[in-house]
Amino acid sequence: MMDFLTSRAFKGTVFVLLVIGLIVLPFFLRPFGLLLVAMWMVHAVAALGLNLTLGYAGQISMAQGAFVGIGAYCTGLMTLAGVPYPIAFLCSGVLCFAIGWVLGYPALRVQHHYLAFVTLAFSTLVFLVMRNEEWLTNGIYGLTDIPRPVLLGWNTGKAQDFYFFTLLMTSILAFCVWWIISSPWGRAFVALRENPVRALSLGVDTRRYTLMAFAMGSSIGGFAGALYAPLVQFFEPNSFSLTLSLKLLLMVIVGGAGTFFGPFIGAATEVLLPEWLRIAQGYYLIIYAMLVMVLMMFCPTGIIGLGERVIAHLRQKKISSERSAQAQAMGADTADKKEGAGQ
Amino acid sequence: MTPVLQVTNIRKQFGGLTAVDGVSFSVNEGEILGIIGPNGSGKSTLFNCVLGQYQPTEGEVRVDGQLVTGLRPCDLNRLGVSRTFQLLQVFPQLSVRDNLILAGQEHKGTMGTRLFGARDAGLTADANRMIEFFRLSHVADEKAGGLSYGQQKLLDAAMAFMAGPRLVLLDEPAGGVNLTMLGHLRERLQAINAEQNATFVVIEHNMEFVMALCDRIIVLAEGKVIAEGTPDAIRSNPEVIEAYLGH
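For the protein sequence lines, the chains are Z and E, in the order given.
The opening position of the first sequence corresponds to residue 1 in our numbering, with each subsequent residue numbered one higher.
The opening position of the second sequence corresponds to residue 1001 in our numbering, with each subsequent residue numbered one higher.
Simulated from the structure, these hints should not be mistaken for laboratory data.
All C-beta atoms in this analysis are idealised placements derived from N, C-alpha and C, irrespective of residue type, glycine included.
It cannot be assumed that every hint is accurate.
[Unchecked claim] The following residues of chain Z were derived to be distant from chain E, with all beta-carbon distances above 10 Å: (1) Val14; (2) Val19; (3) Val24; (4) Phe27; (5) Phe28; (6) Ile87; (7) Ser171; (8) Thr206; (9) Leu246; (10) Pro274; (11) Gln281; (12) Ala289; (13) Val292.
[To be verified] Covered stretches of chain Z (in silico footprint by chain E; criterion: 3 or more residues with CB under 8 Å from a CB of chain E, positions within the stretch not fixed): (14) 119 to 129; (15) 198 to 204.
Whenever a hint applies, use it, and build me the whole structure from the sequences.
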C-alpha cells in the first residue's frame, strides 16, 4: 500500500482523477466559481514552468510573473489585431522561450541570491516596458476586450466553454511538463540542481541544460499568460508586477518544489484558499503567513514533502513491526527447540 | 602502442603559487597507475588539470593520442574519460538506479532523442548489471542520500564505470571507508580491471590500498614528480620516505 502511494501509477491515477473531477465540477459551480477554478489552473501552469526552472533544475527565477505578462501581452495584442488565437498562443510560448534562453546566460555565471537579483531586475525591466511604452502596450490603461477564441467552430466565449478550454490546455501543458521531468532531461535537471560539478564530469552539458531549463520554464509561463489574457479579458501592467513573481515563487515552495503536483497545490493555496477563508476576513493573510512560516520551519519541502514524510514514517513503522514480529516468531521457534532438546 | 593517457609537462600556477610544476607521465591500456604524495603536493590539482576542471598554465594532455587540453569535463567524459572526486559526489535525491542511468544517459543519442526517446535511455539493464556488480541490489530503489557512507562510495565508483570509459581517474576512493568495505572496493576495482581491461589512475593516501591495487606508482612532492616505479621500489625509495617523514 505504502509503495503504491509513491508509485508512478498512483501519481497517474491522481492526475486522471483530478482531470475527471475538473470536468464534472462546472456543473456544480456558478460563473464566479468557474472563473476562480480557471484562474487556479492558469496560475498552476505558470507555477509548473517555474517549478521546472527552480524546483527541478535549481535555478532561482524571480521573473516568472514577467513571462506571464509577456505571454499575456503577446496574445492580447495579436488577437486584438485579428491574428487567430492558436497562432498568438504559440507566439507567446516561442517569444518567452527565446527571452528565457537569453535570461539563462547570467545563470551560467552567477547562482543563488545573485541570480535572484538578476531575474528580479529583469522582472522590473519588463514591468517598466509594459507601463511606459504606451505605443506598444497602451501603458497604464492596459488592454481591454480581449476576445476569447473560436476553435474549429467551438466558441469559448461563455464562462463554461472557456473553463473547458482552459482545462484542456492545462492538461496538455501539464502532460508536456510531466513528459520532460520523467525523461532523461528531468534526471539531468535534478543532477544540475544537486551537484553541477559532478553532473558535468558525467557528460551532462550543464550549460545547455541550464539554458533549456530557463527557456522551457519561461515558455510555460508565456503559455500561462496566453491563457490568462482571454480569461480575464482585461489587464494592465500591475497584473504582472514583481508581486506576481513572488506569489508564483511562494506557490512552488509551499506546494513542494521539485514535485509534479506541488505547483497545483501551491496555486490552490494562493488562488482558492483566500476564497474559502473569506470567513476570516482581514485575518486571512495573517493566518496564511503564519501557516507558511510553520510549514517552512518544520517542512521546507512543502505540502507534498510533508505528505512524503508521513508516508515514509508509516512505511518505516510497518517495516519495524514486521521485523519485530519476525524476531518474536524466531524467538518462539528457538525456545520450542530448546524445550524439545531438554525433554 | 599509444598510451591511453599522456600528460606532458603540466604546470599550474595560482597567482604566485605553483601547485603543479612540469609533471609528465603516461598510462598504458589496462594499467593501474597510483599517484601518491603528502597533503598539498598537487595531486588533486593535477587531476583537475587533466580532467578539464582547471585550465593548465602550461603543458598538454592527450587521450589516445588526441589533444584534449582545456576540453570541458563533459566533452572529455564523452571521449571516454571518467572520474570520481575526493569528497563523495552522488545525487542524493535520485535512486541508486537513476544515479547510474544518469551516469550513462548522456552517452546515448542526442538531446532530442533523450527528450522523446525511452524514459530510461535504454540503460536499465546496464544499470542493473552495475548494481549487481557492486553488490548494491538490496538498495537499488533507495534514494542515494539514504545509503551508508560506504555504499555511497561504491555507488560513486560504479557511476564512474557506467558508461564503459576508456580511462577512470579515482580521487581518494578509499577515503573514509571502513576496512571491510575497503577490501570490497579494491576487489571490485581489480575485477573491472581484469574483466574489461580498464585503465585507472588512482590518487590515494591509504598506502596499503594503493600498493595492493596499483601496477605502477608516481610520487609527487611540492608539485613535482620525485619518484616513479613499482610499489616495491616506491616503498623502499629514500626520497619518498623523506618526503613523507621529513628530515
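Right, here's what the structure says about each hint:
The claim that Val14/Z is not at the interface with chain E holds, since no C-beta of that chain comes within 10 Å of its own (minimum 19 Å). For Val19/Z, the condition that its CB be more than 10 Å from all CB atoms of chain E holds, with the nearest at approximately 22 Å. Annotated as non-interface, Val24/Z keeps its C-beta farther than 10 Å from every C-beta of chain E; the closest such distance is 31 Å. Every Cβ of chain E is farther than 10 Å from the Cβ of Phe27/Z; the closest lies at roughly 37 Å, confirming the non-interface assignment.
At the 10 Å boundary, the C-beta of Phe28/Z stays outside the reach of chain E, the nearest C-beta of that chain being 37 Å off. Against the 10 Å criterion, Ile87/Z stays outside the reach of chain E, whose nearest CB is about 24 Å from its own CB. Distance to chain E confirms Ser171/Z as a non-interface residue, since its nearest Cβ pair spans about 19 Å, more than 10 Å. A cut-off of 10 Å between C-beta atoms contradicts the statement that Thr206/Z is not in contact with chain E; the least separation is 7 Å.
Every beta carbon of chain E lies more than 10 Å from that of Leu246/Z, the smallest distance being close to 26 Å; the non-interface claim holds. Taking the minimum C-beta to C-beta distance to chain E, about 32 Å, the non-interface status of Pro274/Z holds against the 10 Å cut. Look at Gln281/Z: its CB is around 41 Å from the nearest CB on chain E, clear of 10 Å, so calling it non-interface holds up. Distance check on Ala289/Z: its Cβ is at least 29 Å (rounded) from any Cβ of chain E, clearing the 10 Å threshold; non-interface status holds.
In this structure Val292/Z is separated from chain E by more than 10 Å, as the shortest Cβ-Cβ distance comes to about 23 Å. As drawn, the region 119 to 129 of chain Z meets chain E at 0 residues by the rule of a beta-carbon pair under 8 Å; below three, the given contact is violated. Under a criterion of three residues with beta carbons nearer than 8 Å to beta carbons of chain E, the stated coverage of the region 198 to 204 of chain Z is upheld, 7 such residues being counted.
Of the hints listed earlier, those the structure fails to meet are numbers 8 and 14, in rising order.
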